[in-house]
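If you want the building blocks of each chain, they are given just below.
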Amino acid sequence: MLSSFSQERAGPAIAGWLRNLFAEATDMRGFFLLASAANPIQDLSIFNPASPPAESIRSLFILVLGVTGAIFLLVEGVLLYCLFRFRRHAPGTTEPPQVYGSLPIEIAWTAAPAMIVIVLALILTRTEFEVRVNQDRPPAGSKPLYVTVIGHQWWWEYQYDKYDGKDLGFITANELHIPVSDTGVPRPVYLTLLSADVCHSYWVPRLAGKTDLIPGRTNHLWFQTSQQALYLGQCAEYCGTQHAHMLLRVNADSVADFETWLDNQKKPARDDAAAHAGRDAFLNQSCVNCHRVRGTVAAGTYAPDLTHLMSRETLASGMVPNTRDELLKWVNDPQQIKSGCLMPAFGLSEEKVNLLVSYLITLK
Amino acid sequence: MAIAEHEPAVESLPWTGVLHEWVTTVDHKKIGVMYYIMAIVFLVIGGAEAMLMRLQLLGPELKIVPADVFNQMMTMHGTTMIFFAAMPILAGIANYIVPLQIGARDMAFPRLNALGLWLTLFGGVVCYFSFATGGAPAIGWFAYAPLTEHTFARSAATDFWILGLLVSGIGSLTGAVNLVTTVLALRCPGMTLRKIPLYTWMAFWANVQIIFAMPPLTAALVMILFDRLFGAHFFDAQAGGAPYLWQHLFWFFGHPEVYILVLPAFGMISDVLPVFSRKVIFGYEFMAAATVAIAFVSFGVWAHHMFAVGMTRTVDVYFAFASLVVGIPTGIKMFNWLATIYGGRWRMAAPMLFGLGFLSMFLIAGLTGIILAVVPIDYQLTDSYFVVAHFLWVIVGGILMGIFAGSYYWYPKVTGHMYSERLARWQFWLFFIGFLLTFGPMHISGILGMPRRIYTYPVDRGWEFWNQVSSFGAFLQAPSFVIFIWNILISLKTGAPAGDDPWDAWTLEWATTSPPAVYNFETIPTVRSRRPLWDLKHPDDPDWQYE
Chain A
40 MLSSFSQERA GPAIAGWLRN LFAEATDMRG FFLLASAANP IQDLSIFNPA SPPAESIRSL
100 FILVLGVTGA IFLLVEGVLL YCLFRFRRHA PGTTEPPQVY GSLPIEIAWT AAPAMIVIVL
160 ALILTRTEFE VRVNQDRPPA GSKPLYVTVI GHQWWWEYQY DKYDGKDLGF ITANELHIPV
220 SDTGVPRPVY LTLLSADVCH SYWVPRLAGK TDLIPGRTNH LWFQTSQQAL YLGQCAEYCG
280 TQHAHMLLRV NADSVADFET WLDNQKKPAR DDAAAHAGRD AFLNQSCVNC HRVRGTVAAG
340 TYAPDLTHLM SRETLASGMV PNTRDELLKW VNDPQQIKSG CLMPAFGLSE EKVNLLVSYL
400 ITLK
Chain B
12 MAIAEHEPAV ESLPWTGVLH EWVTTVDHKK IGVMYYIMAI VFLVIGGAEA MLMRLQLLGP
72 ELKIVPADVF NQMMTMHGTT MIFFAAMPIL AGIANYIVPL QIGARDMAFP RLNALGLWLT
132 LFGGVVCYFS FATGGAPAIG WFAYAPLTEH TFARSAATDF WILGLLVSGI GSLTGAVNLV
192 TTVLALRCPG MTLRKIPLYT WMAFWANVQI IFAMPPLTAA LVMILFDRLF GAHFFDAQAG
252 GAPYLWQHLF WFFGHPEVYI LVLPAFGMIS DVLPVFSRKV IFGYEFMAAA TVAIAFVSFG
312 VWAHHMFAVG MTRTVDVYFA FASLVVGIPT GIKMFNWLAT IYGGRWRMAA PMLFGLGFLS
372 MFLIAGLTGI ILAVVPIDYQ LTDSYFVVAH FLWVIVGGIL MGIFAGSYYW YPKVTGHMYS
432 ERLARWQFWL FFIGFLLTFG PMHISGILGM PRRIYTYPVD RGWEFWNQVS SFGAFLQAPS
492 FVIFIWNILI SLKTGAPAGD DPWDAWTLEW ATTSPPAVYN FETIPTVRSR RPLWDLKHPD
552 DPDWQYE
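Here the protein sequences come in this chain order: A and B. If you count the first sequence from 1, position 107 lands on 146 in the working numbering, and the numbers rise without skipping. If you count the second sequence from 1, position 302 lands on 313 in the working numbering, and the numbers rise without skipping.
Simulated from the structure, these hints should not be mistaken for laboratory data. Positions of the beta carbon are idealized from the N, C-alpha and C atoms, including for glycine. Honestly, I wouldn't trust all of these hints.
Here are some chain B residues pointing at chain A (derived, C-beta under 8 Å) [stated by the list, open to error]:
| hint | residue |
| --- | --- |
| 1 | P77 |
| 2 | P226 |
| 3 | P254 |
| 4 | K290 |
| 5 | V326 |
| 6 | D327 |
| 7 | M359 |
| 8 | R464 |
| 9 | T467 |
Which bits of chain A does chain B cover? Going by a derived footprint, with three or more residues having C-beta under 8 Å, they are [to be verified]:
| hint | stretch |
| --- | --- |
| 10 | 94-107 |
| 11 | 246-255 |
| 12 | 268-282 |
Required output: the full structure, derived from the provided sequences and hints.
Shown next, in the form of structure tokens:
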């Protein structure tokens, strides 16, 4: 009851207030250092959820903030009262009355927190079962999307398994595209989380809490949203040098856009006659040992799939925009952009780099 | 004649003689002081590492500290502060104070005591020797496998890190066995288990915890060392090992570790608050029982550090519930402290100032702990800056605040001089304000989606304001530590003589000289209550009537 109350009324109001408070202070960015002003601020706040699990968690958070806030005010209030009441005393006065304890008082302040703990435990159990669902049983009438996510140092591999009951079976990297839900037709997204090397954690705060990707374990995560937007996040478990640049981008597209994107992704790579020289250069280089371009002999699985490279907005797991200039820089020396990343600079001539990029930019 | 000549000779020992005396000593007081000095040195090193990180996080995509160096600083800061600053400083204070409080002449095993100190120090040195391999390990202080496997951490730095922790862990274990034995076996006549001063009681339980928490860590460290050096596969998923096992083993140590650090701080507060509000501790039995409850329950909550690893819902709910339960005995303590200071005649000296700082800040740490124990909320907040704020609030706002209170409280006893109250106040306010500014904003950056352990962050996230406040807070805090160390040093020369009992306190350490003689007490005292010196000062109204 308590929980549903906060969810329906107090919840959004308090959350809105908190969000505005944070947003105001956030607008003061560059207060100390004028570091950047070009990019608009992206809101990743967990008080701004766009998916049922994140919404359940926000409601619970507000309830628990209320409970802990009340305890905070009570105890700090008593402490402040004591501070003003008992701070000064005339020197040389006698000792105050010695009070050794009181059984009824001790019982009272043992029982009261115990009761709060029991109530909190019951409420959290309810939310736990809302947030963690069995992905083999999607709601009736829904069109679920199943994707397997594999964490790599320091990028994300996405294997699209199934959408609306139909097998997909293509692989892409770093940018997840999902369809939005319509009223009446939920389109939940069920992720299966695996790791190819070390522990990672999948965290897109507005969509869901985080879940780790651990070698040798299979984990699950789900979310669903009806708001078309780009949801940002990043790896939340320390995974080595470039942990800070293992960024997450989830594009929630309209159903039409999503299905167009899906159709394109399913196709093998374009074979543009004008780019054959570049393609041959690519296939003759060691690129093919790590990267895959479907429809060619490049079948590496160690690095991001490049079949539809240019359908992605960013490079290097969300670090830089995916433009011709950045691609040139990247192919020339990835370490200049993402120091410590596992792709080395191959020492190619400028001519060779240009040739390679002229092929890559045809991979739409 | 030999004795008559020997006495002045001690006064004029050359520095090599003094050094020899300290290095070979088995006196619990000298060992305690050396633990303390070691801890302060490592505290400064760990603090400098934190400053480098705060410098790098001043703005988005800054390139002041490179990624690898940042990750090394992050690893060594955590490792240093837990294993080579917090644990030794508490071991040192316990070494010095516990035998005095129970009316003993030394620890139960004086040589083992010296071994514990030197192993702890040697462990720290071995750990820092990793820098000589070209850089410290970059694995994070809880070193999640398989990032620590040879495949991902090729440098020998990680081996030195493991060996360092193994060695200092054995040091901690010997110290714990020694302290537990001392409290059980060497109490003065009349001091039954129910009459032990609360500081000793809580330090005792912290050391009982060490005995049970250290072996899993030691086992895990040996396993990863075998993986790295001898090709074992404990944590290698490809060969059928379980990286996830490391997390269970580590946190089975790691969570009790929090209480290993916080219980002695609770104890210091439980001694300081009564003396400086001139009242007996409220509800001694409940304080004592709550300590035991915390010590036991804290062994059943470790997986709340791992809510995001995908355990079943039932297991998650159990660990959430158990973690919330820890709040009950902790709440009892909080309320008893408040009842103790209520109605007192306060003396606002530095120990009381830090004691009140502890009460106000530890409350917040406990409440954010409640928030994090609620497992669905933890899915969002774990591994975010909110967690960083929570545990630094525990460690700095709770444990360190308690250590400062205890340090000022016992400084006159250990040195025979009073510290400078004026410098102590400067330190308190710089530390307190710096603390709030450093760690307060971290709660918000965590809520705004900032994960921990990132060496930089993208420009469009809106985290830089909060990070800048944190960094400026850290730069404000740093001088407070300089003032503290300066106060300790300068007061050795300029501090007024303290006398045996400058605080008009009630436990046995104040019944002997400051500093105490090698043998502590001329005659072993006999006690009849928890406050033997109160009985002595108030023969008309002694405590033992009421206990």
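These are the hints, each one checked on the structure:
Interface hint status for B:P77: upheld, as the beta-carbon distance to the closest one in chain A is roughly 7 Å, under 8 Å. Taking 8 Å as the C-beta cut-off, the interface hint given for B:P226 is violated, the closest approach to chain A being about 24 Å. Taking 8 Å as the C-beta contact cut-off toward chain A, the hint placing B:P254 at the interface holds, the least distance being around 5 Å. The criterion of a C-beta within 8 Å of any C-beta in chain A is met by B:K290, whose closest approach is roughly 6 Å, and the hint holds.
Interface restraint check: B:V326 against chain A, minimum CB-CB distance 11 Å, threshold 8 Å, status violated. A cut of 8 Å between beta carbons decides the hint on B:D327: the least distance to chain A is about 6 Å, and the hint holds. Given the 8 Å rule on beta carbons, the hint for B:M359 holds: about 6 Å separates it from the nearest Cβ of chain A. A hinted interface residue such as B:R464 counts as satisfied when its beta carbon comes closer than 8 Å to some beta carbon of chain A; here the least separation is about 4 Å, so the hint holds.
Interface restraint check for B:T467: the shortest CB-CB distance to chain A comes to about 5 Å, inside 8 Å, so the restraint holds. Chain B is given as covering the stretch 94-107 of chain A, and this holds because 8 residues of the stretch bring a CB closer than 8 Å to a CB of that chain, at least three being needed. Under a criterion of three residues with beta carbons nearer than 8 Å to beta carbons of chain B, the stated coverage of the stretch 246-255 of chain A is upheld, 8 such residues being counted. Counting residues of the stretch 268-282 of chain A whose CB falls under 8 Å from any CB of chain B gives 12; the rule of at least 3 is met.
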